[in-house]
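Colleague: For the record, in the sequence shown the residue sitting at position 72 is 232 according to my numbering, with numbers rising by one throughout.
Rather than coming from a laboratory, the hints here were simulated on the basis of the structure. One thing to keep in mind: the hints can contain errors.
Simulated restraints on C-beta separations [as the list claims (entries may be wrong)]:
1. Arg213 - Glu176: 29 to 35 Å
2. Gly172 - Asp206: 21 to 27 Å
3. Arg167 - Val209: 28 to 34 Å
From the three backbone atoms N, C-alpha and C, an ideal C-beta is built for every residue, glycine too.
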Amino acid sequence: IVDEPTRGVDVGAKAEVHQILVHLAARGIAIMMISSELPEVLAVSDRIVAMRRGRITGEMPGIEATEEKLMELMALDQTQEATQ
Numbered sequence: 161i162v163d164e165p166t167r168g169v170d171v172g173a174k175a176e177v178h179q180i181l182v183h184l185a186a187r188g189i190a191i192m193m194i195s196s197e198l199p200e201v202l203a204v205s206d207r208i209v210a211m212r213r214g215r216i217t218g219e220m221p222g223i224e225a226t227e228e229k230l231m232e233l234m235a236l237d238q239t240q241e242a243t244q
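With these hints in hand, go ahead and build the complete structure from the sequences.
Modeller: Shown next, in the form of structure tokens:
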């Protein structure tokens, strides 16, 4: 489990962290990454689970994900709250 693995690091270090995560995943090692940086999530994820206020609002394969789709998933709980 890695939580915000690139927060506070420079661009070069971010690329290195991403490379390590991708390498580990390619070796079959499961990685759960928590990140609020959508480009980072899209760059290294095989599967993405979106959450809001501790609840899962959606899930999709990384290959199908876009920033727009993720933003929609993250806003689902908020939309449901507004209609109640």
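Colleague: Check the structure against each numbered hint from earlier and tell me which ones fail, lowest number first.
Modeller: 3
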